[in-house]
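Peer 1: Chain residues, written in single-letter form:
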Amino acid sequence: GENVEQHPSTLSVQEGDSAVIKCTYSDSASNYFPWYKQELGKRPQLIIDIRSNVGEKKDQRIAVTLNKTAKHFSLHITETQPEDSAVYFCAASTGNQFYFGTGTSLTVIP
Amino acid sequence: GAGVSQSPSNKVTEKGKDVELRCDPISGHTALYWYRQSLGQGLEFLIYFQGNSAPDKSGLPSDRFSAERTGGSVSTLTIQRTQQEDSAVYLCASSPRFGGGPYNEQFFGPGTRLTVL
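Protein sequence lines, in the order shown, are assigned to chains A and B.
Residue 1 is where the first sequence starts when you use my numbering, and the numbers rise one by one after that.
Residue 1001 is where the second sequence starts when you use my numbering, and the numbers rise one by one after that.
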């Protein structure tokens, strides 16, 4: 089955700096890679996603890159703000099951 | 516009008891997913439904876990003879269509926090 690894588990950045979270996956059949943000005590919410036929996708301060050959994808948050503080989960899907990483706790220090 | 709802929000039970967790997906969503989130851990995929059908039950942790969905809507996750290691937050998500991809975003419910004493 699919194995998704996510790093780092915790990340602290100064407000305004960039944050990068990296994930690797094992199943070359995975073709859809969403990222979820989970604020404390709240449910996960989709923030950005990418399909395997695209190498990069950007939405304002958030971008995701995908390297199919190396089987890794990354989340980039620029100009971080305190409200970006949350746990971020990557996931990989073949279209049936979804496999999530173990999460990255991001703290943005004002 | 109601989102995904789950009940109960919290459940405390004694070891060995059975529990039933309920998920009400967004109306019209054909796909429904159950996940388990242990403290400080990621989301563990349990099972998905395409309509009322669950093609793959291999993600369920043991035969004490079962799930059903009726009428293409409400789903229940049942845990029999609960154990302390079952303690976790159980999250349900629904999606307009089955399969990952654009326009198939998963919308999560608030979860049920299960504590087995």
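Heads up, a few of these hints could be off.
Unchecked claim - Okay, the calculated bits of chain B under chain A, using three or more residues with CB under 8 Å as the criterion:
(1) 1023-1032
(2) 1079-1089
Said to hold, decoys possible - A few chain B residues facing chain A, derived, Cβ under 10 Å:
(3) Gly1003
(4) Glu1014
(5) Tyr1035
(6) Gly1040
(7) Gly1042
(8) Gly1059
(9) Leu1060
(10) Ser1066
(11) Glu1068
(12) Thr1070
(13) Ser1073
(14) Ala1093
Read the hints as simulated data drawn from the structure, not as lab findings.
Glycine included, every Cβ here is placed at the ideal spot set by N, Cα and C.
Peer 1: Tell me if the interface restraint on glutamate 1014/B is satisfied: Cβ within less than 10 Å of some Cβ in chain A.
Peer 2: Cβ of glutamate 1014/B sits 26 Å from chain A, so the hint is violated.
Peer 1: Is the hint on glycine 1003/B kept, meaning its closest Cβ partner in chain A is under 10 Å away?
Peer 2: holds (9 Å)
Peer 1: Against chain A, with CB atoms and a cut of 10 Å, does the hint on threonine 1070/B hold up?
Peer 2: Constraint on threonine 1070/B not satisfied, violated at 22 Å.
Peer 1: Given tyrosine 1035/B was flagged as interface, is its beta-carbon under 10 Å from a beta-carbon of chain A?
Peer 2: holds (8 Å)
Peer 1: Does the closest beta carbon of chain A sit nearer than 10 Å to the beta carbon of leucine 1060/B?
Peer 2: At about 12 Å, which exceeds the 10 Å cut-off, the nearest Cβ of chain A leaves the hint on leucine 1060/B violated.
Peer 1: Min Cβ distance, glycine 1042/B to chain A: is it shorter than 10 Å?
Peer 2: holds (4 Å)
Peer 1: Is the listed coverage of the segment 1079-1089 of chain B by chain A valid when you require three or more residues with a beta carbon under 8 Å from a beta carbon of that chain?
Peer 2: violated (count 0)
Peer 1: Hint validation: serine 1073/B versus chain A, beta carbon distance must be below 10 Å. Holds or violated?
Peer 2: Check failed: Cβ of serine 1073/B comes no nearer than 19 Å to chain A, outside 10 Å.
Peer 1: Given serine 1066/B as an interface hint, is the shortest Cβ-Cβ distance to chain A below 10 Å?
Peer 2: Hint violated; serine 1066/B Cβ to chain A Cβ min 18 Å, cut 10 Å.
Peer 1: How about glutamate 1068/B: closest beta carbon in chain A under 10 Å, or not?
Peer 2: violated (18 Å)
Peer 1: Could you check if alanine 1093/B really has its C-beta closer than 10 Å to a C-beta on chain A?
Peer 2: holds (8 Å)
Peer 1: Less than 10 Å between beta-carbons is the criterion; does glycine 1059/B satisfy it with respect to chain A?
Peer 2: holds (7 Å)
Violated hints, in rising order: 1, 2, 4, 9, 10, 11, 12 and 13; the structure is consistent with all others.
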